[in-house]
Structure formats: structure tokens, C-alpha cells
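These protein sequences, in sequence, are chains A and B.
For reference, each letter of the first sequence is one residue, going 1 to 539 in our numbering.
For reference, each letter of the second sequence is one residue, going 1 to 195 in our numbering.
None of these hints come from the bench; they were simulated from the model.
Glycine included, each C-beta is placed from N, C-alpha and C at the ideal position.
Among the hints, a few may not be true.
To be verified - Under the rule of at most 20 Å between Cα atoms (straight-line distance), these lysine to aspartate or glutamate pairs were calculated in the EDC-like manner: (1) Lys228(A) <-> Asp92(B); (2) Lys216(A) <-> Glu97(B); (3) Lys2(B) <-> Asp156(A); (4) Lys2(B) <-> Asp93(A); (5) Lys2(B) <-> Glu132(A); (6) Lys228(A) <-> Asp206(A); (7) Lys216(A) <-> Glu132(A); (8) Lys92(A) <-> Glu127(A); (9) Lys92(A) <-> Asp5(B); (10) Lys2(B) <-> Asp123(A); (11) Lys2(B) <-> Asp206(A); (12) Lys105(B) <-> Asp156(A).
Said to hold, decoys possible - Here are the computed distance ranges between Cβ atoms for each label pair: (13) Asp92(B) <-> Asp360(A): 41 to 49 Å; (14) Gly55(B) <-> Arg134(A): 38 to 46 Å; (15) Met148(B) <-> Arg133(A): 39 to 47 Å; (16) Arg51(B) <-> Trp225(A): 40 to 48 Å.
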Amino acid sequence: MATVIVDGKEIEIGAHERLNCIEAARRAGVEIPHYCWHPGLSVVASCRMCLVETGTRDAATGKITMMPKLVPGCQTPAKDGTVIVTDTALVKDSRARVEESLLIDHPIDCSICDKAGECLLQDYHFEHGQTERRTDLQPFHSRRRDVGPTVTLFVDRCIMCTRCVRFTREVSGTSELMVINRGSKEEISVFPGFPLDNKLSGNVVDLCPVGALGDKDFLYQQRVWFLKRESNVCGGCSAGCSIVTEHNQDTVYRLKPRENPHVNKWWMCDEGRYGWHHLHSPDRLLSAGRLVSSGEDRETVEWSVVVTRLREELAAAGRLAVAISPMLTLEEAWMLCAAARSIDPQAGLFLGHVPTSGGDESFPGGFTIRAEKCPNRRGIEAIIGLFEPAVRGWDDLVRAVAASEYDAAWITAAYPHAWIDDVTAAPFGRLRSLVVQDLFESPLSKLATWRLPAAGFAERSGTWVNVAHRAQTFTAAVRPPAGVWPEGRLFWNMLGRRGLYDPNAVRRQIADSSVSLAAIGGDMPAHGVDLRVDQLAST
Amino acid sequence: MKPTDPAITWLEEKPLGLTERLYLPLFLQGLSITARHMVSRKVTVNYPEVRPTVGNPLIYRGVHRLNRDDAGRVKCVACFLCATACPAHCIDIVATESPWPDREKYPESFTIDELRCIFCGMCEEACPVDAIELTSLLDLTGKSREEMVFDKEKLLSVYDMTKDAEPMKSKTLASEGMATFDHAPGHGAAAGGHH
């Protein structure tokens, strides 16, 4: 163990932990302001905001020797006997000087800047800056520079922390951004003809501590103080990145990565980041429709009627096959299996269609975009494993239906993109009863006897298991559109359970009934749990 | 201004003296005010036959208007500070990129639900570019609820209607020699930090 003294308070850090002064002080509850340092990027110590007084305590005599000069906290390792002082007049004065210098050529157009409200320059100025401004500059108009298809740069708002430049060099490995000019004329820019266009480009906007980099998708859409934040998991691919869904009045406005050292660290890909627009598509299915016995029209059925009528019709139809979509949560899948088996004790449970696209794509910073474009294949396989001896997939189901092994099928889908063609869907038309739960109309849902709407990823609560067997639990960020019941609510009611759908109760029930999923029984940590690790042994 | 600012003088409430504790002097003082009002000039009028006179239009809080800049464009920069300050949540703004080079964004739509509004004047106070103002128009009527939701065009037309009788308040105050902030169009003072 190593002892570090922060503002007179002694804290213990691990002997082999490589912490800098900012991280060590954070352990002691002291926040050292910083712009250029980011835990996921290399250290440049260029912003000078984290300057602190440091010294060493002699282990034998206990005598403290201070350094005469201020040192950058981000660049100074905290080791045994390191003394960090952050509240002296010298440190405070230094911070005020840095703030003053940054604001000399800042436009101060906070009122029209999208970053206002979550801007470090604002926050630090309020906390560490001076109340008077000694320059006589008036607020001015920031120059705008287009740096790529997703990101725009407000040149004059930049404070030259170079986080974005380092990100493109170290994490995405694409090196589009660079610093042009020297000294006070320094600016961020791109080479002509080489725009910031990579699959992680949106992250530079999150990294920017000020309003210099703007996300074109979010620009001017909403002031950040109106947004409500809900910790969520991205449903774009099987990586299962931890995210925060930012929404207001049941409308999602943007997704941001949430720090998770086991999954996505601090990043997320653009595909996931902008992959929420389908939630608000006008083409979504918005009501439960039952084919009218004569013709092609559908009558809208009340959900309370769906609960009973669906069960009766499926029971009357005969042998039942169920496709459990990898977009569903563990809880929904488990209830669906239970509901299907209560209708037909021999019901065939199949893993639903698993959409894939290309191959896994890795980046130098250790981030990987998965080819499997669904969040919960591992989880669904684990659930089916509780009911069936072997996991059969979507192709098996299509073959079985074509061979007339089943009389009825219940297909859950909820895919954001088109996923089935007419040829694959055709054999399903011969079934006596076909239930399709999907976000959008598809060749399959056109054949369906029951066409039920599905919930989007930010509208469901539950647990997903990612490609690395990490289970993450989350709650819905927004309510589904009027007329849509999330799958979990329908299954809960079909099982005849009382009250409101409670995914946590179902999750505990799954954990109690299964050894392989026992780890999800307790309160789930924000970073999720690894299903392969014996949780009882580690706690 | 932080609570620890040296410019703030913190005062303690004085303990009650003998006069306050006796109650009677204060009681007489109150009665004298009532008596004075019984004989003073009446301020009520027979509205609508007689229209009340607005004392000072600068501080009257009537129907809103959206001011125009010198080029006749809407002055608003869609910063949402009025919508943020509004305690009745009656302002709805949709911002978009402005078509003009000297301005970053502007309101694509700007609606005020006058029925929801409580005429507190917070929007006017919050506006960093003096774009939204309350006029001294006091009789606000309409045949339907929809009609009372004022959109951008209607709010601008209120400005066109009232600009001669009531010039922009920032200009009036400046001409009267009162201290105002000198805002260039399209720019506001810092929302955080500067005081």
C-alpha cells in the first residue's frame, strides 16, 4: 500500500496502481480541474489547469519537502509519500490566470452555444475564475468549420486541449484532425479532402470540454439542461456498450457513452450513437391488429383483449413454434418461453433471426464494433437452454415451418432494419395462426394473423448479455408511443401475473431457477456482471 | 454572485422594540392608511367604456412581442433562455441554423401560449438580446384556444403594431441615459460566469 496526502488528508492507494495526482485526489474527494487530460488518452499537460503544489514526505523522518514550483497534476505520478496541495493561494491564483487567459479570445457566446450547461469552461470559470473581466472584448461570432459528415467545429470556441486530435491518433487510429498554425493562432483543422469521417467520430464531441466540436445530429435540437438522463445499454450490436439515453418528453435527443471499463471504456461507435432515429419513425406499428377473417384488413384489438384472445387462438391452432428475438431482454425471453409452454407444453423454442453485417471491426484504442447487430444473442441462448436440450436457430425454424412441422408460429422481431424477404416469409403464410411482433411492417408481418407492435431499445427494461457474457440491467428511458405495449408487459399479463410488469422480480426469479444465470440475482452494478465468473466466490 | 462574495452585506433582523411589542401604534398606523384611501382619488375605471391608462409602458407587462433588428429580421437567437426562465412553460421554440452569415441560429418557430402565460416578465428579463418584450397592450381576447397560441409571425406583428408607440425598451433606456449593456445583434452575454 502507498500513502498519498491530499490537502492534509491521508489516503491509501494500491501499491501497483499507476495513478496521477488528479486520480489520487479524486479518491480523496478533491476535484482537480483539468481540460486536456482524459483517462483514455495520452498525457500532454498543455492546458495548465491542473497545476497543484506537490511534495514528498520522508518515510523515515516524516519531514515534508515541497516543490518550489507548481506542477501539472495529470503528469505527476502519485506514489508513496506524495503530498498534493490543491487549496493554496498560489494554486487558486494560477487557476484564475488560466481561466482569464482562455477567455481572452473566447467568443463567450454561451447563449447560443450548444455546450452551455455542460461546458467545463463555464463550470471552471464559475468555480475558479474571476468575477471581473479585464479585457474589453465584446462577445463575438465564432467561425464555423465543417470537419466531417457528423461533426462541425466552432473554431474560436476551442481552447486547444487537443483531446480530439489525440483521440483520432490513439483510439480511432485515423488521424484526421490536426493542429494548424502556432502560438495564439493555433486551430484545429483537417487536411483538405480528408474529412473527419470514421466510425468513432462522434466521440470527439463528447471529449471536447467546451463547445468547439458540435454534433450535427444534435446541433440546435435542445438545450442540454432540458434533457433527462437514463443509464441504458446500446442495442446496436452485440458489444452492448453502456450508454446514457438523453431524452425529454418521451423523445430521445442523443445517446452518449457511459464509462464502463469492462465493455466500452469511454467510447461508442457512430452507428450506435445515431441508431435511435427509428424510435421516432412515423412508419412504426402503433396498434395490435388482428386479421379480419374475411379479407386482408386488420381490426385494432384492445391490449386487454389481446392477452386472452391470443392465448385462446394459439391453443386452438395446434403445434406452436416461437422465435425469440435477440432484441428481447432476458426477462422478456423467459416470460415468452413460459407463456408459450403454458399454451403448448411441446412448443418449439427457437432463437430468432440474428442480423449480421460484415465482420467485427477493431480499433487501435481497443474498441470493437461487432458484426452481430443485436444485443442479446448470448442471453436468449441461455434462456432457451433452460427450456430446451439444444438451442435451435432461425434457419431451423424456417425449415421446420416449410416442412409443416408446426401449425402456429409466434415470431418476435423488434429489429430496427428490414430483416426478412418475401421468399423466406412465404412458408409462414401456410400456418393456421401467425403472430408477429415487430417495429415496422415487413413481408412477414403482412402474412400475420396477429400483427403486434414491438418496443424499441430505449423503451424496454431488463437485462442484456453481451458478446463477452456480461449481463447489464437497465430501465426504459422513454415510454413507447401510445398504443404500444412493450413485449414484457404483454408476456407478464399473458402469464396472468398481477400488477405492473416488474422486470426485477422476473430477473430474480430467473436467477433462482438457473445455475448459469445465478449471477444476475442480486442488485446489478452499473457496470454489469460477468456471467462466467462465480459471483459467490468473489463476493 | 457567490454567497461568499465580499460585496454582499449580510444583515441581522433587529429585535422587536417597545413600540412593536405594544401593537397599538402599528394598529393605528394601519387604520390611518385605510382612512387615507377612503378619501383619496379613485383609480378604478368602468372598463371597457373607459380604458385604463398605463402608467409606465416600460414596466407594464402586457402582450408579448418579438422585436426585429435593424434589417427587419427577428432579433431572437433561439437561445431558449426565456423558455428556461418561464415558470408556466408557455414558450415553445424550435431552433434551426440561421440563413444569415452574422448569426448562428434563429427560431424556426416561436410560440407563446398566451392562455398559459402568467405575465411575470421573466422571459423579458432572461433575454440576452432584448428580443422578447412585454408591451402595454392589456386586452387580450380570442375566439378559440388555438387563436391564443401566438406564433412567430403574430408576435412579430405585435412589434410592428406597437413599435411606434413603444420603441424597443433597450433603446428607450439608452436614450434616457440609463445604463444598458451594449449588445451586438446575435450575441449575448455569457450565460455562466460573467456578472
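Going through the hints against the structure:
Note on lysine 228(A) and aspartate 92(B): the hinted pairing holds, with a Cα-Cα distance of about 18 Å set against a maximum of 20 Å. Note on lysine 216(A) and glutamate 97(B): the hinted pairing holds, with a Cα-Cα distance of about 11 Å set against a maximum of 20 Å. The suggested pairing of lysine 2(B) with aspartate 156(A) is violated, with an alpha-carbon distance near 28 Å, which exceeds 20 Å. Using a Cα cut-off of 20 Å, the hinted pair lysine 2(B) and aspartate 93(A) holds, with the two alpha carbons roughly 18 Å apart.
Distance check on the hinted pair: lysine 2(B) and glutamate 132(A) sit about 13 Å apart at the alpha-carbon level, within 20 Å; holds. Using a Cα cut-off of 20 Å, the hinted pair lysine 228(A) and aspartate 206(A) holds, with the two alpha carbons roughly 17 Å apart. Distance check on the hinted pair: lysine 216(A) and glutamate 132(A) sit about 34 Å apart at the alpha-carbon level, beyond 20 Å; violated. With a C-alpha separation of about 10 Å, the suggested pair lysine 92(A) and glutamate 127(A) falls inside the 20 Å cut-off, and the hint holds.
A hinted pair counts as satisfied when its Cα atoms are at most 20 Å apart, and lysine 92(A) with aspartate 5(B) qualifies at roughly 16 Å. Between lysine 2(B) and aspartate 123(A), the direct Cα distance comes to roughly 13 Å. Compliance with the 20 Å bound is thereby established for this hinted pair. For the hint linking lysine 2(B) to aspartate 206(A), the alpha-carbon distance of about 29 Å lies beyond 20 Å, and the restraint is violated. For the proposed pair lysine 105(B) and aspartate 156(A), the alpha carbon gap of about 16 Å is at most 20 Å, so the pair holds.
At about 44 Å, the beta-carbon gap between aspartate 92(B) and aspartate 360(A) stays in the expected band of 41 to 49 Å. For the pair glycine 55(B) and arginine 134(A), the beta carbons lie near 41 Å from each other, so the given range of 38 to 46 Å is met. Range check, methionine 148(B) to arginine 133(A): about 43 Å between beta-carbon atoms, so the 39 to 47 Å window is met. The supplied range of 40 to 48 Å is met by arginine 51(B) and tryptophan 225(A), whose beta-carbon atoms lie about 42 Å from each other.
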